[in-house]
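Trainee: Residue-level listing of the chains:
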Amino acid sequence: MKQILLITDGCSNVGISPVVAAAHAKSEGITVNVVGVLDRGDVGELGATEIDEIARAGGGLSRMVTTRQLSQTVQMMTRKTVVQTIQLAVQKELKQVLGNGSIEALPPEQRGEVVRVMDDLSETSGLQVALLIDASASMKPKLASVEEAIHDLMLSLQARQGKSEISVFHFPGSRHGDDCVMDLGWTDRLQGVQSIFPKLPMSGTTPTGPAMMRVIDYCRQGDESGRNRYETDGMMGDYVV
Amino acid sequence: MVVTGKWKQSKYRIERALGEGANGKVYLAQSDKGWLALKVGSDAVDLQSEINALRMMGKQKGQAEEQFLFDVDDLRGPDGREYPFYTMKYVRGSTLAEYLRQYGMEWFPLVALNLLRKLAKLHTAGWAFGDLKVENVMVSDYGYVELVDYGGATAFGKSIRQFTEIYDRGYWNEGARSSDPGYDLFSFGVLCIQLHEPKKLQSLTKELLPQNRSAAELLAVAEGCPGLKPVTGWLRAAFSNEYRDAAEAAEAWRTLMHKRPGKRGSAVPGWLKGLAVTSGLLLAASIVWFLAADLM
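The listed protein sequences correspond, in order, to chains A and B.
To convert, note that position 139 of the first sequence is 140 in my numbering; the numbers rise steadily by one, no gaps.
To convert, note that position 39 of the second sequence is 63 in my numbering; the numbers rise steadily by one, no gaps.
There may be inaccurate statements among the hints.
[As the list claims (entries may be wrong)] In silico DSS-like links for lysine-lysine, alpha-carbon gap of 30 Å or less:
| id | chain 1 | residue 1 | chain 2 | residue 2 |
| --- | --- | --- | --- | --- |
| 1 | A | Lys-96 | B | Lys-30 |
| 2 | A | Lys-81 | B | Lys-182 |
| 3 | A | Lys-93 | B | Lys-230 |
| 4 | A | Lys-27 | B | Lys-182 |
| 5 | A | Lys-200 | B | Lys-230 |
| 6 | A | Lys-93 | B | Lys-30 |
Everything labelled a hint here was simulated from the structure, so no lab data went into it.
Chain A with its partners taken away, still in its complex shape:
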């Protein structure tokens, strides 16, 4: 099961639309969740609409939160999405067996049995979450909270019985033309990782869409042969995808 979690505070302004990118992700079987971080109401109406649409195109959830609610929201969204992904798969099966896809239509006893299986799958299935962080100028003061939320998410994932991994990307890149930088490759632990984000230079662009396309690529490579390529140099900060 794969998820991309985008944390941002505004509008993309370069390259392919992030809504299109999110729809690509969905077609690859990757769910896209979006958290909009606002501290002084600085996500404009346009930003809010975009955030909402990205999540809808990506088959995921969107929330607007302050930095203080960030950890809890990220953790809750990830969990909810796991349950929903399982639910969708189960409903598809039910449709084939019963001709009716809705769990609500089952009598309480059978519903109990189906939900027990779903809960079990949610706890034990493998999970990969790629975090894509908007590190444009206005997000700088919020990055400490973002880092805290990532540590907190790892803690929740480690408690699962299934294999759980995260990877972390930020955008824009430091050099001209870099849409996206990988900060951490797939990992199941953050112990010893002091600081996820290196000192980031200021940049005006917000290439949310192109960055997401890179992350989708990375998630897909995990399935194929790309795995080894990233394992050796994935842990440290400066590897440019």
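Since chain A is already given, all that's left is putting chain B on it; use the hints.
Mentor: Below, chain B without anything else, positioned relative to chain A:
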């Protein structure tokens, strides 16, 4: 308003809202068997998952006297939509914080002991309560304790299903977010501090950097509070996961309460006096309770 179950046709008259949990709203309802609490879920899967947990807990050995669930069904809401619901025992009483405000902090040691014993029953069955916090503990007359909102209840070994940050040991960098007896006992410790020093606890969460949150910081608050000083040792043990389960922790708490007051103990005579009087009352209360439960 009267609602009828879709599958079993039981009728319930909804009196008023009692409160709201993570998975739905709880109402006071009347059936032909008496008063009960009726929880209406907003999401069928989330509520069913809670129902499954309640059912599993009810099936465990030693839980025979504890019936969590009465009825499970669907109802049609005023908006025409169908909602899943279940009914359970109605707990008359106030939330823990309200109760202590009303009747005084001298009830704290006894109520806390009763809460630990409640947790002990769950632990014996192989479950942690998970989302232990002030709002989820109801107290009725003479310190009788009941847990409400089992949405966080998790079988040992699995990841905690629902939690509240400040009560979570992971938040304080003191362990995994997975279900074991120590998870509840850690939350219990935070709950003790929340009851005595809510403002100090609140400011700790604001001032400390995430990496600096620790049990030591919590213990420092407890040490500076006269009401918690006698149990600081107990809290330290709970925070460092030294108790096997809530039963052992309850026994340690009880021993502490009945210790003969030494020089330090004389600073809190109200506690012990209160305890002596209330243990008699508690007996009376539990008799009343069982009678009431039979009638339902």
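Trainee: Return the numbers of the hints above that this structure violates; sort them in rising order.
Mentor: 3
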